[in-house]
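6 protein chains.
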Amino acid sequence: GVEKFPKERIAEDMVPGLAIGLAWTRVGGDILYIESSLSEGKGKLILTGNLGDVMKESATTALSYIKANADKLNISKENLEKFDVHIHVPEGAIPKDGPSAGITMLTALVSAFKGKAMKKNLAMTGEITLRGKVLPVGGIKEKVLAAKRSGVDTIILCADNRRHVEEIDPRYIGGVEFIYVERMHEVLHYALGIETF
Amino acid sequence: GVEKFPKERIAEDMVPGLAIGLAWTRVGGDILYIESSLSEGKGKLILTGNLGDVMKESATTALSYIKANADKLNISKENLEKFDVHIHVPEGAIPKDGPSAGITMLTALVSAFKGKAMKKNLAMTGEITLRGKVLPVGGIKEKVLAAKRSGVDTIILCADNRRHVEEIDPRYIGGVEFIYVERMHEVLHYALGIETF
Amino acid sequence: GVEKFPKERIAEDMVPGLAIGLAWTRVGGDILYIESSLSEGKGKLILTGNLGDVMKESATTALSYIKANADKLNISKENLEKFDVHIHVPEGAIPKDGPSAGITMLTALVSAFKGKAMKKNLAMTGEITLRGKVLPVGGIKEKVLAAKRSGVDTIILCADNRRHVEEIDPRYIGGVEFIYVERMHEVLHYALGIETF
Amino acid sequence: GVEKFPKERIAEDMVPGLAIGLAWTRVGGDILYIESSLSEGKGKLILTGNLGDVMKESATTALSYIKANADKLNISKENLEKFDVHIHVPEGAIPKDGPSAGITMLTALVSAFKGKAMKKNLAMTGEITLRGKVLPVGGIKEKVLAAKRSGVDTIILCADNRRHVEEIDPRYIGGVEFIYVERMHEVLHYALGIETF
Amino acid sequence: GVEKFPKERIAEDMVPGLAIGLAWTRVGGDILYIESSLSEGKGKLILTGNLGDVMKESATTALSYIKANADKLNISKENLEKFDVHIHVPEGAIPKDGPSAGITMLTALVSAFKGKAMKKNLAMTGEITLRGKVLPVGGIKEKVLAAKRSGVDTIILCADNRRHVEEIDPRYIGGVEFIYVERMHEVLHYALGIETF
Amino acid sequence: GVEKFPKERIAEDMVPGLAIGLAWTRVGGDILYIESSLSEGKGKLILTGNLGDVMKESATTALSYIKANADKLNISKENLEKFDVHIHVPEGAIPKDGPSAGITMLTALVSAFKGKAMKKNLAMTGEITLRGKVLPVGGIKEKVLAAKRSGVDTIILCADNRRHVEEIDPRYIGGVEFIYVERMHEVLHYALGIETF
Ligand SMILES: [Ca+2]
Ligand SMILES: [Ca+2]
Ligand SMILES: [Ca+2]
Ligand SMILES: [Ca+2]
Ligand SMILES: [Ca+2]
Ligand SMILES: [Ca+2]
Ligand SMILES: [Ca+2]
Ligand SMILES: [Ca+2]
Ligand SMILES: [Ca+2]
Ligand SMILES: [Ca+2]
Ligand SMILES: [Ca+2]
Ligand SMILES: [Ca+2]
Numbered sequence: 346g347v348e349k350f351p352k353e354r355i356a357e358d359m360v361p362g363l364a365i366g367l368a369w370t371r372v373g374g375d376i377l378y379i380e381s382s383l384s385e386g387k388g389k390l391i392l393t394g395n396l397g398d399v400m401k402e403s404a405t406t407a408l409s410y411i412k413a414n415a416d417k418l419n420i421s422k423e424n425l426e427k428f429d430v431h432i433h434v435p436e437g438a439i440p441k442d443g444p445s446a447g448i449t450m451l452t453a454l455v456s457a458f459k460g461k462a463m464k465k466n467l468a469m470t471g472e473i474t475l476r477g478k479v480l481p482v483g484g485i486k487e488k489v490l491a492a493k494r495s496g497v498d499t500i501i502l503c504a505d506n507r508r509h510v511e512e513i514d515p516r517y518i519g520g521v522e523f524i525y526v527e528r529m530h531e532v533l534h535y536a537l538g539i540e541t542f
Numbered sequence: 346g347v348e349k350f351p352k353e354r355i356a357e358d359m360v361p362g363l364a365i366g367l368a369w370t371r372v373g374g375d376i377l378y379i380e381s382s383l384s385e386g387k388g389k390l391i392l393t394g395n396l397g398d399v400m401k402e403s404a405t406t407a408l409s410y411i412k413a414n415a416d417k418l419n420i421s422k423e424n425l426e427k428f429d430v431h432i433h434v435p436e437g438a439i440p441k442d443g444p445s446a447g448i449t450m451l452t453a454l455v456s457a458f459k460g461k462a463m464k465k466n467l468a469m470t471g472e473i474t475l476r477g478k479v480l481p482v483g484g485i486k487e488k489v490l491a492a493k494r495s496g497v498d499t500i501i502l503c504a505d506n507r508r509h510v511e512e513i514d515p516r517y518i519g520g521v522e523f524i525y526v527e528r529m530h531e532v533l534h535y536a537l538g539i540e541t542f
Numbered sequence: 346g347v348e349k350f351p352k353e354r355i356a357e358d359m360v361p362g363l364a365i366g367l368a369w370t371r372v373g374g375d376i377l378y379i380e381s382s383l384s385e386g387k388g389k390l391i392l393t394g395n396l397g398d399v400m401k402e403s404a405t406t407a408l409s410y411i412k413a414n415a416d417k418l419n420i421s422k423e424n425l426e427k428f429d430v431h432i433h434v435p436e437g438a439i440p441k442d443g444p445s446a447g448i449t450m451l452t453a454l455v456s457a458f459k460g461k462a463m464k465k466n467l468a469m470t471g472e473i474t475l476r477g478k479v480l481p482v483g484g485i486k487e488k489v490l491a492a493k494r495s496g497v498d499t500i501i502l503c504a505d506n507r508r509h510v511e512e513i514d515p516r517y518i519g520g521v522e523f524i525y526v527e528r529m530h531e532v533l534h535y536a537l538g539i540e541t542f
Numbered sequence: 346g347v348e349k350f351p352k353e354r355i356a357e358d359m360v361p362g363l364a365i366g367l368a369w370t371r372v373g374g375d376i377l378y379i380e381s382s383l384s385e386g387k388g389k390l391i392l393t394g395n396l397g398d399v400m401k402e403s404a405t406t407a408l409s410y411i412k413a414n415a416d417k418l419n420i421s422k423e424n425l426e427k428f429d430v431h432i433h434v435p436e437g438a439i440p441k442d443g444p445s446a447g448i449t450m451l452t453a454l455v456s457a458f459k460g461k462a463m464k465k466n467l468a469m470t471g472e473i474t475l476r477g478k479v480l481p482v483g484g485i486k487e488k489v490l491a492a493k494r495s496g497v498d499t500i501i502l503c504a505d506n507r508r509h510v511e512e513i514d515p516r517y518i519g520g521v522e523f524i525y526v527e528r529m530h531e532v533l534h535y536a537l538g539i540e541t542f
Numbered sequence: 346g347v348e349k350f351p352k353e354r355i356a357e358d359m360v361p362g363l364a365i366g367l368a369w370t371r372v373g374g375d376i377l378y379i380e381s382s383l384s385e386g387k388g389k390l391i392l393t394g395n396l397g398d399v400m401k402e403s404a405t406t407a408l409s410y411i412k413a414n415a416d417k418l419n420i421s422k423e424n425l426e427k428f429d430v431h432i433h434v435p436e437g438a439i440p441k442d443g444p445s446a447g448i449t450m451l452t453a454l455v456s457a458f459k460g461k462a463m464k465k466n467l468a469m470t471g472e473i474t475l476r477g478k479v480l481p482v483g484g485i486k487e488k489v490l491a492a493k494r495s496g497v498d499t500i501i502l503c504a505d506n507r508r509h510v511e512e513i514d515p516r517y518i519g520g521v522e523f524i525y526v527e528r529m530h531e532v533l534h535y536a537l538g539i540e541t542f
Numbered sequence: 346g347v348e349k350f351p352k353e354r355i356a357e358d359m360v361p362g363l364a365i366g367l368a369w370t371r372v373g374g375d376i377l378y379i380e381s382s383l384s385e386g387k388g389k390l391i392l393t394g395n396l397g398d399v400m401k402e403s404a405t406t407a408l409s410y411i412k413a414n415a416d417k418l419n420i421s422k423e424n425l426e427k428f429d430v431h432i433h434v435p436e437g438a439i440p441k442d443g444p445s446a447g448i449t450m451l452t453a454l455v456s457a458f459k460g461k462a463m464k465k466n467l468a469m470t471g472e473i474t475l476r477g478k479v480l481p482v483g484g485i486k487e488k489v490l491a492a493k494r495s496g497v498d499t500i501i502l503c504a505d506n507r508r509h510v511e512e513i514d515p516r517y518i519g520g521v522e523f524i525y526v527e528r529m530h531e532v533l534h535y536a537l538g539i540e541t542f
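Chains as they are written, first to last, in this note's numbering: chain A, 346 to 542; chain B, 346 to 542; chain C, 346 to 542; chain D, 346 to 542; chain E, 346 to 542; chain F, 346 to 542.
Be a bit skeptical, because a hint or two may be false.
Because identical chains cannot be distinguished in the list, a pair is counted as satisfied if it fits within a single copy or across any two copies.
Stated by the list, open to error - Lysine to any residue pairs mimicking SDA-like chemistry, simulated, CA-CA at most 20 Å apart:
id: 1; residue 1: Lys441; residue 2: Asn395
id: 2; residue 1: Lys387; residue 2: Asn424
id: 3; residue 1: Lys464; residue 2: Glu357
id: 4; residue 1: Lys478; residue 2: Ala504
id: 5; residue 1: Lys401; residue 2: Asp429
No lab work stands behind these hints, which were simulated from the structure alone.
The model shown is predicted, which means the values in this text are computed figures rather than measured ones.
Working from the sequences, and respecting the hints, build out all of it.
Right, here's the structure in full:
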């Protein structure tokens, strides 16, 4: 049994391991928190939060991207091997799926491994690939409106999603800045201030 | 085959590893015991009691939170690695699911690792997150009434559940104290007397 | 294909690892043998006999209880680690489930680890918990009548099941002694003569 | 696609690891070959031949019985640990299930570990238990008639199955000897000439 | 999406690890290639090609036969332990099942371990057992006609399948030689020129 | 929720680990990117991108081919053991299956292990086998037209697919070069410039 709660404001307290994405649900867009934490272990990836297979694959792909680019990201291979990584997506009663949380999961993981918090009032949505390209995703209008309502002031999107933003009446999204990216390292640059190239 | 038994009074004998939650079933609210025990092993998590996937994920998340905050909780990493942890939820004939036992599972695990019993006549309900935030849950009215009937005198809830308590006729819950929390360390403070920050 | 066989008398030859419970089937109550054996291994638990998930969880819980109470039970941790434990419930063609064999499984396991046979003409039924409490179960009337017919002279039950026995016409259960318990160590005391506290 | 083949005569060439049971199929009784072989490994049990879960559990139980009685059977624990055991039931296109091949599987395994072939023209059917008791099984009439047709001259059965044999018209089973057993070591005595007690 | 391709001629280029069987499909008989390869590993068996459970069990049984008869086959146990074995059955879009590829899988595996190619223009079909007996299979007429059409000049079959060949009009199978076998070592003798006894 | 995006041009930026295939979907042909990356590990194969079992088997087969031909490919066995290999097929919301990506997966893997990028403006489609033969696949017309539209100038196909290309009106595929192959090493020669024989 799950009751409805009023729309939440975006979190003020950004901590390492936390990243903020945007979800597209049956009842509109919503803020999507991705939490990650490290604990001593053997490089295992633990995924919770009622996630579907495609969303789990996004997390696996994000971790492989980090491993394959560990040098550029200045993340030590020792840490990748000696920590277990847990990614949790809160509100466990709600099933979640799809590839659009990819860049958010990547950001959460890099944030955890680097111990660096994501910028405040920022949200993002986009599919990731293993070679570092960001792909466009659906539900842009609903996601952007939900972000605006929640207090988000900056949104990272795939460049191929620009035309979906341009279809939204500008009066509804005044004051929101859009950052269009093509590559995953751009996301990490804007969200975490990390320079990889 | 399972027969009905009369409503039970809350347990008098609190021991380390035991925590008391509140469940919301088809026939109303109920007391929910969460038991945990440690035995020499390899850090494995064993979950029994006819638990659904979401409830199992709560347990996994609680354990990751403890591992990631082991220093603050003053729980040795050696113990986290050398013990297997078993969480059992009694009344195995009844399927149980949902995220609302999260703070109860966390309390049971910390109680087991610290060897410290939870306060008597206390019950709780709330979803946990990996970053330590407590989320509101459903079925508050039924849970609170069941707690009162069973002899509970203090209930820990998420601050976002306060308005659900305020909708209950005060005549039915006289003498029950409500503690509203936002963070998981507050739960551990009230339930176990543990200071983490 | 399975044929019916005439109601069996309770076994005369109690050996270490064997315990006798009571089952509640569609056609009435029945004697339920729980067999366990140890063999050199790595502490693995093997469960056979067409057991449902809830019954398997009872076995897992019984083993965790033994591990967590190894000192009190005077069972060496070395033995718990170096033996594989097999629990088999005969009559493999018949599916079995439910938590009511819990105290019988616990008794069978402790009997195997201690090398001590259970008392003759004794049977039991009750759910176990991880913290050592015995919970009431259903089907008491059918189970007790089947026990009487099979030659059982002593039955261990949860104290909360006393009222279900008192509802049975005394003429049908003359000569049967009932032992009502609240804790699992009481079961081990009566069935195996083991003192743990 | 599977075609019918004429009823086969029982195998003349008994080798270590091979045992002959009796099956009860939709179209009557049949000879059931149980094959086992050992190969260097780690004590793993491999089961093939389109076996259902109950039949697989019989094999697991047979192996545990052998492990728990290794001393009496004069089978070295080193061999039990260093060999993988494969049990295959030929005619892979036909699904097989039920507990009645238990004593045949036990015989096949002991035959393999002892390197001793089973007696010729012998067949058997009966459920096994972990404590060494043989239980009665169904389909006796069909199984016995199929055994007779195939050239079997001796059949091992559970003592509780005697009355099912006595219901068969003696004219159909002239010349067949029945050995009724209560314990698994009796099976090994008659089939393999092994003395365990 | 899979299109039809014209009936293929049997492969000219036999290499170690490749064996040729006969399949029985909804649209008639067909040539069935079984490929196997070894790579440094830990004795793992990898099965691909859209295989059903029964066909996978044939492969497992073939490998156990080789392990149990390694000495006779002059295959070193070191090689059996240090190589992973992959069996692939091409045309991955087509589901395949049944036990009739057993002798072909055995031949492919022995061919790979011995580094010896199978004879050209030979095909085979037959179920294997763990003790080395070859069992008859179905679909003989369709398989034999497909073999003839594809250029096969020699076919290995179980002796119990002889009568199915004799039911085929001889005009359709002129020039094809049939080799009837009872034991698996005969297959290896004819197909690979290996003497094991 | 997944929206349509305009037909993409083939990628300009070929990097090691990336190969370009052709897919046949319900709405016509499409470019199919296969990405692979290596990270320190234990030779594990990770497959993501919403892949069906047959497509996963293609990847397993490609990796076994590489392992069995490591010497010819001049790929060190140490690298095959010490790296985990991840193959991801982007656009995770779209289920993908079938064997036709086989040669593309092989090319992606060899490209990753050799650190050598595939030629630009090249695409391919074909099933692989364990022994190195390329098999024809379906949907050639749709795949070729999609390749042409996307800017592909060279397509590698199985020789048995030549007749399907010859059925396409030449006006639609002017300027596209077709390379017909029979063996997997030819693919690696044309796509990566690797000589293996
Ligand atoms: Ca929300
Ligand atoms: Ca997102
Ligand atoms: Ca209750
Ligand atoms: Ca609760
Ligand atoms: Ca019975
Ligand atoms: Ca019982
Ligand atoms: Ca038969
Ligand atoms: Ca049998
Ligand atoms: Ca074919
Ligand atoms: Ca075949
Ligand atoms: Ca596309
Ligand atoms: Ca392709």
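Evaluated hints:
1. Lys441 to Asn395: both (6 Å within a copy, 15 Å between copies)
2. Lys387 to Asn424: both (9 Å within a copy, 16 Å between copies)
3. Lys464 to Glu357: within (10 Å within a copy, 33 Å between copies)
4. Lys478 to Ala504: For lysine 478 and alanine 504, the Cα distance is within 20 Å only inside one copy (11 Å; across copies 34 Å).
5. Lys401 to Asp429: both (16 Å within a copy, 18 Å between copies)
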